[in-house]
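**Q** Protein chains in written order, with the working numbering: chain Y, 1 to 309; chain S, 1 to 97; chain V, 1 to 97.
Honestly, the hints are just simulated from the structure, not real lab data.
Mixed in with the good hints, there may be bad ones.
Said to hold, decoys possible - In silico SDA-like links for lysine to any residue, alpha-carbon gap of 20 Å or less:
1. K89(V) to A22(V)
2. K67(V) to G197(Y)
3. K29(S) to V198(Y)
4. K29(S) to A79(Y)
5. K29(S) to G197(Y)
6. K67(V) to V207(Y)
7. K80(Y) to A26(S)
8. K80(Y) to E89(S)
9. K80(Y) to S24(S)
10. K89(V) to D32(V)
11. K29(S) to F29(Y)
12. K89(V) to R10(V)
13. K29(S) to T25(Y)
14. K89(V) to V33(Y)
15. K29(S) to R26(Y)
16. K29(S) to L199(Y)
17. K29(S) to W206(Y)
18. K29(S) to S86(Y)
19. K42(V) to V86(V)
20. K67(V) to V198(Y)
21. K29(S) to A30(Y)
22. K67(V) to A209(Y)
23. K89(V) to F29(Y)
24. K67(V) to R26(Y)
25. K89(V) to V100(Y)
26. K29(S) to V207(Y)
27. K67(V) to F231(Y)
What the hints assert, rightly or not - Take a look, some chain Y residues computed to stay more than 10 Å from chain V by CB distance:
28. A50
29. G88
30. L189
31. V196
Where a beta carbon is used, it is the ideal one built from N, C-alpha and C, also for glycine.
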Amino acid sequence: MNAVYGLFAGLSALLLVVAGFAVVTRRHFAAVVGFTAFGLLLSLAWVALAAPDVALTEAAVGGGVTGVLLLSASVQMRAKMEVLPSWGVRFIAAVLAAIVTAGLMLVVLMLPDEAPTLAPAAKESLAFTGMGNPATAVLMAYRALDTMLEKVVLLLALVAVWSLGRDHFWGGRPDFDFSTQTSGPLLLLARVLVPVGVLVGIYLFWVGADEPGGAFAGGALIAAMGLLAFFAGVARPPLVGSGWLRWAVVAGIAVFLIVGFGGFWGAGDFLAYPDGLAKPVIVVIEVAMTLSIALTLVLLVVGPPGRRP
Amino acid sequence: MSEIFGFTAACLVGLGLYGLIVHSSALRKILSFNVLGSGIFLLLGVIARRGAAAGLVADPVPQALVITGIVVAFSATALGVALIRRLDEDDEEEGEP
Amino acid sequence: MSEALDVFTRIAVSLGAMFFLAGTVGLLRFPDTLSRLHALTKADNLGLGLIVLGLLPQVAWPFGALKLVLVWVLVLAASAASSQLVARKVRGGKDRS
Chain Y
1 MNAVYGLFAG LSALLLVVAG FAVVTRRHFA AVVGFTAFGL LLSLAWVALA APDVALTEAA
61 VGGGVTGVLL LSASVQMRAK MEVLPSWGVR FIAAVLAAIV TAGLMLVVLM LPDEAPTLAP
121 AAKESLAFTG MGNPATAVLM AYRALDTMLE KVVLLLALVA VWSLGRDHFW GGRPDFDFST
181 QTSGPLLLLA RVLVPVGVLV GIYLFWVGAD EPGGAFAGGA LIAAMGLLAF FAGVARPPLV
241 GSGWLRWAVV AGIAVFLIVG FGGFWGAGDF LAYPDGLAKP VIVVIEVAMT LSIALTLVLL
301 VVGPPGRRP
Chain S
1 MSEIFGFTAA CLVGLGLYGL IVHSSALRKI LSFNVLGSGI FLLLGVIARR GAAAGLVADP
61 VPQALVITGI VVAFSATALG VALIRRLDED DEEEGEP
Chain V
1 MSEALDVFTR IAVSLGAMFF LAGTVGLLRF PDTLSRLHAL TKADNLGLGL IVLGLLPQVA
61 WPFGALKLVL VWVLVLAASA ASSQLVARKV RGGKDRS
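This is chain Y alone, in the form it adopts within the complex (with noise of 0.2 Å):
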């Protein structure tokens, strides 16, 4: 027990100070890098936590997609080195967010011992939905309307950032074409890795229904596996404005929206799944799912068209 505790004290204590190095550091690259480590110790820390469904998202999403975004948006800027505010602001900040620490720790301390739970109704609907895995029964059944919803915040993130594309590179690809200056070992890698990938990104939202996984861990890595493409310069980004590519991006809203208003029709309720077809239909849900994600997630990387089309 005390080995166990000694273990999570030590990754605690990790987890800080390579935060605080990615906070306080004055170059922005090392901070991205840092944050990008800070992202893979927390998926450690998940997996503590009882959470591996959590570490796996955190280890794709946060640590490495995220990484990618800021890791090419820091190398694009032109002021490399961070100016800082006078010491007295510093030391004003600090104390604020101090007291803001001091007050959640409190909150931690304050925890109600039985601690309020909703695992036996979300236990419940686990039988219902034929599947193993409670935290993607969860996601699919029993707070289904949440993940469409934030299927609707990835879209519209995405309308946005298409939206600051200048007006005549409308239509055009997204400036992210590395086809020009790729090398040997990285063209390997695209071909030996991103087929792979791929195949690994698809077993774990197929795996994800009983045991650890899910749309969201396979999604982004079949984005990271796009990615990795488009840096080798095996594939260019798509034609923002052609039509494939909307259809595909809305197919996981689309069905869902088709399942939750059949939902009236064969079960009495928005997103309500029939009986003995719940599994099926997630399944379904999921399929469409897992391709937006992933699109959605590469095209918020690669940004908004940057050449003419």
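Here the structure of chain Y is known, so what remains is to put chains S and V in place on it, guided by the hints.
**A** Frame of chain Y; chains S and V shown alone:
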């Protein structure tokens, strides 16, 4: 036992808040905001772990919330980065330093 | 039999952890980029290899074992390619100056 991560979460929120205030560069503000968000997610994770019941090792509802939250945080980060890049381009065109 | 396998797991995983420790020390202490890369590859290849080898008797045969080996092979491929990229960048920088 999981309380130790609760304290870590509190410290992460403080660190993120500090960075959010002192940095002048928008990219570093976004990064700090992500650290702050991670702290809040971790707090939810501790609450989920404490809610172990009915044979489950943790309450899956906060965990699902965090999974949704990570993806939403990423969308917001991507939008922020796109805004920064556009601002940077426009500054360059106007010839400002 | 199973006890002998447990002992084997302990020894192999501990050895692997030692390589990680040595690799990290090298990463922090070595003077230039190329020797730091050298230290890192020891951690990735031998350290992770020994840990995977040690864990093989503990997982379901054959698919669990295959997944573990796949993890090792994928990490090898990724670390070899990224080390090449870093090394090329370093060499390229030196040639120009």
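**Q** Please go over all the hints and tell whether each is borne out by the structure.
**A** Hints versus structure:
Under the criterion of a C-alpha separation no larger than 20 Å, the hint pairing K89(V) with A22(V) is inconsistent with the structure, at around 25 Å. Pair hint K67(V) plus G197(Y) holds up; C-alpha atoms about 13 Å apart against a cutoff of 20 Å. Proximity of K29(S) to V198(Y) is assessed by CA-CA distance (about 33 Å); at most 20 Å being required, the pair is judged violated. For the hint pairing K29(S) with A79(Y), the CA-to-CA distance comes to about 15 Å; that is within 20 Å, so the pair holds.
Among the hinted pairs, K29(S) with G197(Y) is inconsistent with the structure: their alpha-carbon atoms are about 32 Å apart, more than 20 Å. Restraint check for K67(V) and V207(Y): the C-alpha separation of about 13 Å stays at or below 20 Å, so the hint holds. The hinted pair formed by K80(Y) and A26(S) meets the criterion: a straight-line CA distance of about 13 Å does not exceed 20 Å. As the CA atoms of K80(Y) and E89(S) are separated by approximately 16 Å, the hinted pair is consistent with the 20 Å bound.
With a C-alpha separation of about 13 Å, the suggested pair K80(Y) and S24(S) falls inside the 20 Å cut-off, and the hint holds. Taking the CA atoms of K89(V) and D32(V), the gap is near 13 Å; set against the 20 Å cutoff, the hint holds. Restraint check for K29(S) and F29(Y): satisfied, since their Cα atoms lie roughly 14 Å apart, inside the 20 Å limit. Note on K89(V) and R10(V): the hinted pairing is violated, with a Cα-Cα distance of about 39 Å set against a maximum of 20 Å.
Under the criterion of a C-alpha separation no larger than 20 Å, the hint pairing K29(S) with T25(Y) is consistent with the structure, at around 13 Å. For the proposed pair K89(V) and V33(Y), the alpha carbon gap of about 17 Å is at most 20 Å, so the pair holds. For the suggested pair K29(S) and R26(Y), the alpha carbons sit about 13 Å apart, so the restraint of at most 20 Å is met. Restraint check for K29(S) and L199(Y): the C-alpha separation of about 36 Å exceeds 20 Å, so the hint is violated.
Of the supplied pair hints, the one linking K29(S) and W206(Y) is violated, its CA atoms being roughly 37 Å apart against a limit of 20 Å. Only pairs whose Cα atoms come within 20 Å are accepted, and K29(S) paired with S86(Y) is accepted, the gap being roughly 17 Å. Among the hinted pairs, K42(V) with V86(V) is consistent with the structure: their alpha-carbon atoms are about 16 Å apart, no more than 20 Å. Of the pairs offered as hints, the one joining K67(V) and V198(Y) holds, with about 15 Å between alpha carbons and a cut-off of 20 Å not exceeded.
Using a Cα cut-off of 20 Å, the hinted pair K29(S) and A30(Y) holds, with the two alpha carbons roughly 15 Å apart. Our distance criterion of 20 Å between C-alpha atoms is met by K67(V) and A209(Y), whose separation comes to about 19 Å. For the proposed pair K89(V) and F29(Y), the alpha carbon gap of about 16 Å is at most 20 Å, so the pair holds. Taking the CA atoms of K67(V) and R26(Y), the gap is near 41 Å; set against the 20 Å cutoff, the hint is violated.
A threshold of 20 Å between alpha carbons decides the hint, and for K89(V) with V100(Y) the separation of about 44 Å lies outside it, so the pair is violated. Among the hinted pairs, K29(S) with V207(Y) is inconsistent with the structure: their alpha-carbon atoms are about 37 Å apart, more than 20 Å. Proposed proximity of K67(V) and F231(Y) is contradicted: the alpha carbons are some 27 Å apart, above 20 Å. Residue placement check: A50(Y) keeps its beta carbon more than 10 Å from all beta carbons of chain V (closest about 20 Å).
No Cβ of chain V approaches the Cβ of G88(Y) within 10 Å, the least distance being about 34 Å, so the stated non-interface status holds. L189(Y), annotated as away from the interface, has a beta carbon of chain V within 10 Å; the closest lies near 4 Å. Not every CB of chain V is more than 10 Å from the CB of V196(Y) (nearest about 7 Å), against its label as outside the interface.
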